[in-house]
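Colleague: Take a look at the letters that make up each chain.
Number of protein chains: 2
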Amino acid sequence: MENPAYQKLVALSEELQLLSDVAGLLSWDQEVNMAKKGVAYRAKQMAWFSGETHKKFTDPQVGDWISECEADSAIIEPGSDAAANLREWRHSYDSETKLPSELVTEFAATCALAHESWAEARGKSDFSHFAPHLEKLIGLCKQRVECCGYDDKPYDALLDKYERGSTTAEITSVFADLKRDLIPIVDEACAQEPFDPVKNGAEYSIASQVAFNREIAEAIGFDFDAGRIDTAVHPFCTGLGPMDTRLTTRYMTSDFRSSLFGVLHETGHGLYDQGLREAVYGQPVGDSVSLGVHESQSRLWENQVGRSAEFWEQWLPRAAHYFPNLSSLSVEEMTRACNQAERSFIRVEADEVTYDLHIMVRFEMESAIFNDDLAVADIPAEWNRRMKEMFGLDVDKDANGCLQDIHWSMGGFGYFPTYSLGNLNASHLFKAAKEQDSSIEAGFKNGDYSGLLNWMREKIHQPGSFYLPKDLVERAAGSPVNAEAHLAHLRSRYIFG
Amino acid sequence: MENPAYQKLVALSEELQLLSDVAGLLSWDQEVNMAKKGVAYRAKQMAWFSGETHKKFTDPQVGDWISECEADSAIIEPGSDAAANLREWRHSYDSETKLPSELVTEFAATCALAHESWAEARGKSDFSHFAPHLEKLIGLCKQRVECCGYDDKPYDALLDKYERGSTTAEITSVFADLKRDLIPIVDEACAQEPFDPVKNGAEYSIASQVAFNREIAEAIGFDFDAGRIDTAVHPFCTGLGPMDTRLTTRYMTSDFRSSLFGVLHETGHGLYDQGLREAVYGQPVGDSVSLGVHESQSRLWENQVGRSAEFWEQWLPRAAHYFPNLSSLSVEEMTRACNQAERSFIRVEADEVTYDLHIMVRFEMESAIFNDDLAVADIPAEWNRRMKEMFGLDVDKDANGCLQDIHWSMGGFGYFPTYSLGNLNASHLFKAAKEQDSSIEAGFKNGDYSGLLNWMREKIHQPGSFYLPKDLVERAAGSPVNAEAHLAHLRSRYIFG
Numbered sequence: 001m002e003n004p005a006y007q008k009l010v011a012l013s014e015e016l017q018l019l020s021d022v023a024g025l026l027s028w029d030q031e032v033n034m035a036k037k038g039v040a041y042r043a044k045q046m047a048w049f050s051g052e053t054h055k056k057f058t059d060p061q062v063g064d065w066i067s068e069c070e071a072d073s074a075i076i077e078p079g080s081d082a083a084a085n086l087r088e089w090r091h092s093y094d095s096e097t098k099l100p101s102e103l104v105t106e107f108a109a110t111c112a113l114a115h116e117s118w119a120e121a122r123g124k125s126d127f128s129h130f131a132p133h134l135e136k137l138i139g140l141c142k143q144r145v146e147c148c149g150y151d152d153k154p155y156d157a158l159l160d161k162y163e164r165g166s167t168t169a170e171i172t173s174v175f176a177d178l179k180r181d182l183i184p185i186v187d188e189a190c191a192q193e194p195f196d197p198v199k200n201g202a203e204y205s206i207a208s209q210v211a212f213n214r215e216i217a218e219a220i221g222f223d224f225d226a227g228r229i230d231t232a233v234h235p236f237c238t239g240l241g242p243m244d245t246r247l248t249t250r251y252m253t254s255d256f257r258s259s260l261f262g263v264l265h266e267t268g269h270g271l272y273d274q275g276l277r278e279a280v281y282g283q284p285v286g287d288s289v290s291l292g293v294h295e296s297q298s299r300l301w302e303n304q305v306g307r308s309a310e311f312w313e314q315w316l317p318r319a320a321h322y323f324p325n326l327s328s329l330s331v332e333e334m335t336r337a338c339n340q341a342e343r344s345f346i347r348v349e350a351d352e353v354t355y356d357l358h359i360m361v362r363f364e365m366e367s368a369i370f371n372d373d374l375a376v377a378d379i380p381a382e383w384n385r386r387m388k389e390m391f392g393l394d395v396d397k398d399a400n401g402c403l404q405d406i407h408w409s410m411g412g413f414g415y416f417p418t419y420s421l422g423n424l425n426a427s428h429l430f431k432a433a434k435e436q437d438s439s440i441e442a443g444f445k446n447g448d449y450s451g452l453l454n455w456m457r458e459k460i461h462q463p464g465s466f467y468l469p470k471d472l473v474e475r476a477a478g479s480p481v482n483a484e485a486h487l488a489h490l491r492s493r494y495i496f497g
Numbered sequence: 001m002e003n004p005a006y007q008k009l010v011a012l013s014e015e016l017q018l019l020s021d022v023a024g025l026l027s028w029d030q031e032v033n034m035a036k037k038g039v040a041y042r043a044k045q046m047a048w049f050s051g052e053t054h055k056k057f058t059d060p061q062v063g064d065w066i067s068e069c070e071a072d073s074a075i076i077e078p079g080s081d082a083a084a085n086l087r088e089w090r091h092s093y094d095s096e097t098k099l100p101s102e103l104v105t106e107f108a109a110t111c112a113l114a115h116e117s118w119a120e121a122r123g124k125s126d127f128s129h130f131a132p133h134l135e136k137l138i139g140l141c142k143q144r145v146e147c148c149g150y151d152d153k154p155y156d157a158l159l160d161k162y163e164r165g166s167t168t169a170e171i172t173s174v175f176a177d178l179k180r181d182l183i184p185i186v187d188e189a190c191a192q193e194p195f196d197p198v199k200n201g202a203e204y205s206i207a208s209q210v211a212f213n214r215e216i217a218e219a220i221g222f223d224f225d226a227g228r229i230d231t232a233v234h235p236f237c238t239g240l241g242p243m244d245t246r247l248t249t250r251y252m253t254s255d256f257r258s259s260l261f262g263v264l265h266e267t268g269h270g271l272y273d274q275g276l277r278e279a280v281y282g283q284p285v286g287d288s289v290s291l292g293v294h295e296s297q298s299r300l301w302e303n304q305v306g307r308s309a310e311f312w313e314q315w316l317p318r319a320a321h322y323f324p325n326l327s328s329l330s331v332e333e334m335t336r337a338c339n340q341a342e343r344s345f346i347r348v349e350a351d352e353v354t355y356d357l358h359i360m361v362r363f364e365m366e367s368a369i370f371n372d373d374l375a376v377a378d379i380p381a382e383w384n385r386r387m388k389e390m391f392g393l394d395v396d397k398d399a400n401g402c403l404q405d406i407h408w409s410m411g412g413f414g415y416f417p418t419y420s421l422g423n424l425n426a427s428h429l430f431k432a433a434k435e436q437d438s439s440i441e442a443g444f445k446n447g448d449y450s451g452l453l454n455w456m457r458e459k460i461h462q463p464g465s466f467y468l469p470k471d472l473v474e475r476a477a478g479s480p481v482n483a484e485a486h487l488a489h490l491r492s493r494y495i496f497g
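Taken in sequence, the protein lines are chains V and U.
Residue numbering for the first sequence is 1 to 497, as defined by this note's numbering.
Residue numbering for the second sequence is 1 to 497, as defined by this note's numbering.
Wrong hints could be hidden among the right ones.
No copy is singled out in the list; a pair is fine if it fits within one copy or between any two copies.
[Claimed, not checked] Taking lysine-lysine pairs in the DSS-like style, the calculated list, with each CA pair at most 30 Å apart, reads:
{"hint": "1", "residue 1": "397", "residue 2": "44"}
{"hint": "2", "residue 1": "124", "residue 2": "142"}
{"hint": "3", "residue 1": "459", "residue 2": "36"}
{"hint": "4", "residue 1": "179", "residue 2": "434"}
{"hint": "5", "residue 1": "445", "residue 2": "55"}
{"hint": "6", "residue 1": "56", "residue 2": "136"}
{"hint": "7", "residue 1": "55", "residue 2": "8"}
{"hint": "8", "residue 1": "431", "residue 2": "36"}
{"hint": "9", "residue 1": "388", "residue 2": "179"}
Please keep in mind that the hints were generated in silico from the structure rather than gathered at the bench.
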């Protein structure tokens with residue numbers, strides 16, 4: 001592509017990615033390594049990066065370059081990387097320039113304080129401590145919504161930030177279908193007798209967990225020459241460059257599954273990052289497409305693969321090697337132990353079958369806040385009412401209710417629905433992959449996961465942001481995502497006999 | 001200080017420090033964590049930071065601000081932080097603007113290749129492999145010398161970069177005094193019967209070494225809420241911010257002293273960084289003053305303190321707790337085991353008494369290269385000739401000779417002398433501190449190191465770069481540094497009976 005404006009945009013895009021990856025390291029290091037007194041200075045460094053990248057990208061000449069390219073018929077020809085890059089740059093440029101830089105700065109400063117306040121409020125289970133910060137954050141998000149504009153509902157402007165193109169209407173409809181058929185599955189799954197031969201008082205040494213997890217991550221395709229696994233309070237995956245993917249997990253000595261499924265989940269994210277095209281790294285076509293697709297990759301390896309009987313057929317002997325107290329378990333018992341359902345308060349500890357109900361509560365709450373003006377003071381009661389309605393549970397304290405998640409304290413309204421989209425995408429893509437390529441399932445029986453990984457590499461990872469998220473999934477699977485495959489998957493896992 | 005130009009310089013200085021600390025994290029992470037495939041991208045990120053900081057600092061308006069301040073009598077009034085800051089900014093600005101940015105870029109690119117080539121050449125002990133890169137680096141350094149200018153010898157321009165104000169003539173004179181009196185001490189120390197009851201076949205577990213080292217680092221004053229210790233191939237200390245100091249060490253299971261003295265050394269550097277004034281962090285007066293003073297702090301805690309009988313009086317019981325095979329040793333035996341001398345090829349493994357001779361060889365070599373035009377092809381033979389003369393040793397291969405150190409592959413000509421300056425400063429300051437404050441030595445007997453640390457805090461750490469290095473040491477000690485105190489220290493340690 002010879003157009004000089006296009007070349008400048010590519011160079012800028014790559015420079016901004018480079019800076020964003022440096023900011024990623026600052027953040028990773030803060031979670032994994034940094035001693036506590038380093039926090040204030042680290043926050044200053046992070047703020048420098050947000051300010052600098054916002055300033056560089058919203059420079060009016062960037063808009064000129066984009067317009068120049070849009071006038072160049074060779075570039076806007078659909079089907080090229082350049083056209084896709086341009087589409088994404090235009091979208092980001094329009095979104096970012098709509099936000100006054102004072103709003104961006106105030107938002108960042110408010111989040112920093114809100115985050116501190118939330119952690120304290122959760123600790124004391126005192127919503128009133130967090131309420132003024134939440135009020136301010138919601139106010140700023142409403143300003144943001146007004147700046148960005150929306151076609152239908154105000155909340156749409158927030159959803160679009162995390163899942164390009166998603167709307168309140170569409171998610172409401174998807175969730176309605178899902179909920180209708182999910183409730184009976186939850187009822188039946190939760191009625192089963194609890195079965196847990198793993199958490200039996202045995203001690204699972206951390207060294208053995210580390211070794212076992214690494215063996216599995218390597219077997220499913222994670223490249224340890226281009227990444228690593230560390231310990232952190234909150235498990236996450238962050239890409240620091242085309243050849244540097246960092247995963248974290250946490251360890252419980254009473255139950256090896258906590259770290260293992262954490263690693264499988266984050267490895268799924270990591271495989272996506274390691275599968276992006278290196279040659280176009282830093283351009284939209286070399287970047288992951290959305291949170292809902294990213295989450296499909298983590299859920300795929302954690303749940304569809306990692307909790308299956310085929311998986312434990314392969315890995316139970318290794319588990320018993322590392323943890324001899326498991327030697328007496330059968331594959332069926334281990335599989336069943338990894339697929340237990342229970343209604344509970346806390347989303348991050350929820351099993352696969354109840355998980356989406358937790359997301360629905362949050363989606364309904366956020367939708368009420370932004371579309372219908374639910375007042376901050378009414379949030380705890382409204383949360384508890386919905387939890388009663390959805391789960392039949394009486395929330396005992398706000399720490400187990402509306403204060404449990406970190407997202408709101410970071411101003412992340414609109415983020416939660418991507419978790420459920422991830423679940424639906426995972427099942428939808430997994431079903432399509434197996435139908436399209438019969439060697440995938442055959443491979444599992446020999447511990448060979450390359451068939452599935454290669455399918456994802458080709459259909460999901462390599463395209464990057466070439467397509468919009470929904471188009472990408474539809475093209476890969478041959479049909480638009482819906483709840484069917486996921487419901488079938490849950491039925492097969494959780495309904496016995 | 002109300003002058004707007006001064007305010008702008010302060011803000012710029014703090015911004016550049018912030019960026020330099022981010023680059024420090026990139027580099028620390030590369031040594032401590034990063035998987036191998038991340039190297040190329042990390043190098044790109046590092047290059048971005050050098051380019052950006054050079055560009056920001058050499059902007060002509062920075063020169064205007066400095067000139068404006070120099071015309072403001074309120075600022076240049078000696079004795080203020082502002083005057084000291086201005087002196088340092090002027091010096092750095094003049095140095096950096098003298099270098100054409102092409103030279104800076106070419107130097108960085110040449111170093112990257114030279115470093116690879118050196119590692120390979122050292123591995124194969126093949127100087128000819130490294131020679132063309134060394135030739136090019138020396139050529140670029142000679143260009144640098146011409147750009148910067150010098151009063152007496154060309155090599156002075158390189159020395160000044162690492163130790164502000166030092167010259168070939170002055171170091172030649174200091175080293176001549178030192179060498180004259182050191183040689184007989186080396187002769188006598190190396191004639192002693194070797195005595196090593198520590199490296200006796202026992203296994204020193206890494207976990208115990210980590211715990212023991214941490215206990216000691218904490219006892220001498222390192223704040224683990226504002227720093228940490230990790231493992232790396234090459235031990236180092238890097239300050240990532242006013243409250244974030246990272247040390248590294250390496251572990252040998254056959255000898256706990258390797259990691260311990262590494263930690264004591266790096267903790268000395270770390271205490272200096274943790275002792276800088278936080279309120280002026282990012283300004284020259286909040287920054288360490290020179291490598292020769294930094295090294296004095298590391299050598300102080302490693303050698304003057306850590307290899308003393310008083311130290312082992314306190315710590316031998318703890319050592320025996322962690323490593324029971326040491327229980328039968330007396331304090332005298334342990335102290336003697338920590339002060340063994342031997343003539344050897346490798347600088348980084350050299351004991352305290354022979355160490356400076358290694359530095360002298362390097363100083364003489366570099367001085368010959370830059371002042372007298374020693375040809376690259378003649379370097380190995382010249383190195384070996386000087387090693388024979390200095391140590392009576394026949395170098396068996398270049399890997400044990402002129403290829404052993406990393407410094408030249410990074411273009412670091414002029415760096416080595418600061419190691420010996422560090423040794424001299426350490427002894428000179430330690431002697432003065434004990435003479436000025438008798439409670440310092442009394443404290444050691446109870447394991448209380450705060451007297452010594454507080455003296456260093458006040459006299460060396462808190463001034464930052466307020467004074468020039470030599471002035472700082474002279475003001476602290478009450479007399480200019482010379483070799484006397486160091487020679488007396490070595491005699492008391494290495495000459496028995």
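Colleague: Are the hints correct? Go through all of them and say.
Modeller: Against the structure, the hints come out as follows:
1. In this homomeric assembly, residue 397 and residue 44 never come within 30 Å of each other (Cα to Cα): the closest approach is 35 Å inside a single copy and 50 Å across copies.
2. In this assembly of identical chains, residue 124 and residue 142 lie within 30 Å of each other by CA distance solely inside one copy; the values are 28 Å within and 65 Å between copies.
3. Taking the shortest alpha-carbon separations for residue 459 and residue 36, only the inter-copy value of 28 Å comes in at or below 30 Å, while the best intra-copy value is 43 Å.
4. Taking the shortest Cα distances, residue 179 and residue 434 sit within 30 Å of each other inside one copy (26 Å), while across copies they are farther apart (77 Å).
5. In this assembly of identical chains, the alpha carbons of residue 445 and residue 55 never lie at most 30 Å apart, being 53 Å within a copy and 58 Å across copies at closest.
6. When the C-alpha separation of residue 56 and residue 136 is checked against a cutoff of 30 Å, the pair qualifies only within one copy, where the shortest distance is 28 Å, while the shortest distance between copies is 36 Å.
7. In this assembly of identical chains, residue 55 and residue 8 lie within 30 Å of each other by CA distance both inside one copy and across copies; the values are 16 Å within and 19 Å between.
8. Taking CA atoms no more than 30 Å apart as the test, residue 431 paired with residue 36 passes in neither setting, with 46 Å inside one copy and 36 Å between copies.
9. Taking CA atoms no more than 30 Å apart as the test, residue 388 paired with residue 179 passes inside one copy only; the shortest distance there is 15 Å, against 84 Å between copies.
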